[in-house]
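Colleague: Here is what each chain is made of, one letter per residue.
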Amino acid sequence: MFLCFCICIHERPPAYTSTMKILNEMTFDFDITGPKIIASAKAAVIDNITKIILIGDDGVTVDTGKFFVTVKGRNFIISEIWEGRLELEGNIEGIEFYQAPGTDPH
Amino acid sequence: MRGTSRESNFIRHRVRIRIDGYRPERLLSRALEKGLACRNVICHDETEIYCTLSMTDYRKLKKLAGHGYRLTIIKEGGTRPGLRSLRMNKLMLCGMMLFILFYLLQFCFIREISVLGCETIPEDELRTILREEGLYEGCPKTFDCERIEKRIFDAYEQVVWTRVAYQGSFVQVEVAEGKLQQQKVLNREKPCHLVAEQDCYIETVRTFKGRAKVEKGDFVRKGGILISGKVPIEHPTYPVDEETPKHHYVHAEGEVTARVPYYYSIYVEHSATEARQKAEIRKWMKKNIPENAEILNKDFHFEAKKNIIKLYGMIETRQPVGIEKEISIDKRQSTGNEKNAD
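Top line first, the protein sequences correspond to chains A and B.
For the first sequence, this note's numbering begins at 1 and goes up steadily by one.
For the second sequence, this note's numbering begins at 107 and goes up steadily by one.
It should be emphasised that the hints constitute simulated quantities derived from the structure, not laboratory data.
Here the structure is a predicted model, which is why all the values come from computation and not from measurement.
Quick reminder that beta carbons are idealized off the backbone N, C-alpha and C, glycines included.
Mixed in with the good hints there might be a few duds.
If you want the ones that stay clear, here's a sample from chain A, every Cβ over 12 Å from chain B, calculated [unchecked claim]:
no., residue
1, Ile22
2, Asn24
3, Met26
4, Phe28
5, Asp31
6, Gly34
7, Ile38
8, Ala39
9, Lys42
10, Val60
11, Lys66
12, Ile92
13, Glu93
14, Ile95
15, Gln99
16, Pro101
FRET-style restraints, in silico, Cβ to Cβ [unchecked claim]:
no., chain 1, residue 1, chain 2, residue 2, range
17, A, Gly84, B, Met202, 40 to 46 Å
18, B, Ile148, A, Ile38, 20 to 26 Å
19, A, Arg85, B, Arg190, 28 to 34 Å
Hey, can you work out the whole structure from these sequences and the hints?
Modeller: Written out as structure tokens, the structure reads:
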């Protein structure tokens, strides 16, 4: 089974996201400020990263400006890092977001 | 544009490096800021990671690393190092060149000759003719296909169609044989009948010698007598004995024209085009229908089966019919009963 999901963290209120219109979707697609993750059980792509915080065998943490994103799992290989995009391969077990210190997402 | 350049950089020259130092991810972050592409990053431990970069990016990363990190090239790849190693290994280069040369040379010679369609012609004999014309396994491609075809035609009377064609180093010789014309009875004094060589409907009968047994519109089966060589003696003006034969034998002669139906059934490959199907029918006609036949009707059907197409139908011709069939007379019998020699 190939389960793929995309998470977009943005500045809009949650009420807007539930009834997402095409215009809003396009706005989110072209948003280059927030983190974007496309993930499946074996691979993940994180967009708009600014810094790599930590690379370990059981997880990769990156900074996207407003949030830190941690992808947890095993046997990670970063297949490519280039132009704000990080492509990750391995067994993904979880994804965490937390606010970067000293930033306010809203 | 930039993506293409990055990819071509990797193809041209890439290096697998080991980065040693305190928190190597910081160096990767700096590389990310500068737009350097890193691939296959594997974390070995907290102070050691492995990654692949293009040679141009590696030089930039080395400047970024300064004295804080140690960069070691483990492996090189890409076209440039490959060519360099080839240049170093001249013997292998010569070997490869020789291999390519041999590979290309084999296309200049004939590897295999396939002969198809030989029924009465011995294949060895045909191959001897081909060899005489310079076509044999291992020969260069200097032979003339048309000349070989002509030679085959000249050598065998029964050949009605032939084709010599090659594709790459494979030659195919196809031969279609017709029926040899039966030798006519040379002795024109010997009594004989004129019989039908095929089932036919009679159109005209002109008898020169003998007695016509058929008339316009009659259907005659193969072997049926058209003009009989046994002529009865009618109303003699002189007295005859009972023992005297009441007929005499002649060499039957005449011209008989008839409508002859030909039924054909040919199988062709499923992928065969319409032109190929027509060519197959023409080939069949050339093989089975005499040249002097006038085609009256043509009937064409095709039936697509699983992997094959069946072409079938009927062709009606108007053509002269009749072949001579000798009459052997048993002279011991007083009444002159004849026995046909089959």
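Colleague: Each hint: holds or not?
Modeller: The hints, checked one at a time:
Even its closest Cβ contact with chain B, about 28 Å, leaves Ile22/A beyond 12 Å, as expected for a residue assigned away from the interface. At roughly 29 Å, the least C-beta separation between Asn24/A and chain B is larger than 12 Å, which holds for a residue marked as non-interface. The Cβ of Met26/A lies farther than 12 Å from every Cβ of chain B, with a closest approach of about 23 Å, so its non-interface assignment holds. Non-interface status of Phe28/A relative to chain B is upheld: no Cβ of that chain comes within 12 Å, the nearest being about 23 Å off.
Asp31/A, annotated as away from the interface, keeps every beta carbon of chain B farther than 12 Å; the closest lies near 19 Å. Non-interface call for Gly34/A relative to chain B: holds, since the shortest CB-CB distance, roughly 17 Å, exceeds 12 Å. Separation of Ile38/A from chain B is adequate, the least Cβ-Cβ distance of about 19 Å exceeding the 12 Å criterion. Its beta-carbon lying about 18 Å from the closest one in chain B, Ala39/A satisfies the requirement of being farther than 12 Å from that chain.
Look at Lys42/A: its CB is around 16 Å from the nearest CB on chain B, clear of 12 Å, so calling it non-interface holds up. Remark: the non-interface label on Val60/A conflicts with the geometry, its nearest Cβ contact in chain B lying 9 Å away (cut-off 12 Å). Non-interface call for Lys66/A relative to chain B: holds, since the shortest CB-CB distance, roughly 17 Å, exceeds 12 Å. Look at Ile92/A: its CB is around 16 Å from the nearest CB on chain B, clear of 12 Å, so calling it non-interface holds up.
At roughly 17 Å from the closest C-beta of chain B, the C-beta of Glu93/A stays outside 12 Å, upholding its exclusion from the interface. Once the 12 Å rule is applied to beta carbons, Ile95/A is consistent with being away from chain B; the minimum gap is 18 Å. For Gln99/A, the requirement that its beta carbon stay farther than 12 Å from each beta carbon of chain B is met, with the minimum near 19 Å. At roughly 16 Å from the closest C-beta of chain B, the C-beta of Pro101/A stays outside 12 Å, upholding its exclusion from the interface.
Between Gly84/A and Met202/B, the C-beta spacing of about 44 Å keeps the proposed range 40 to 46 Å intact. Take Ile148/B and Ile38/A: their Cβ atoms lie about 22 Å apart, and the range 20 to 26 Å holds. Under the hint 28 to 34 Å, the C-beta atoms of Arg85/A and Arg190/B, about 32 Å apart, fit the expected range.
When held up to the earlier numbered hints, the structure conflicts with hint 10 and nothing else.
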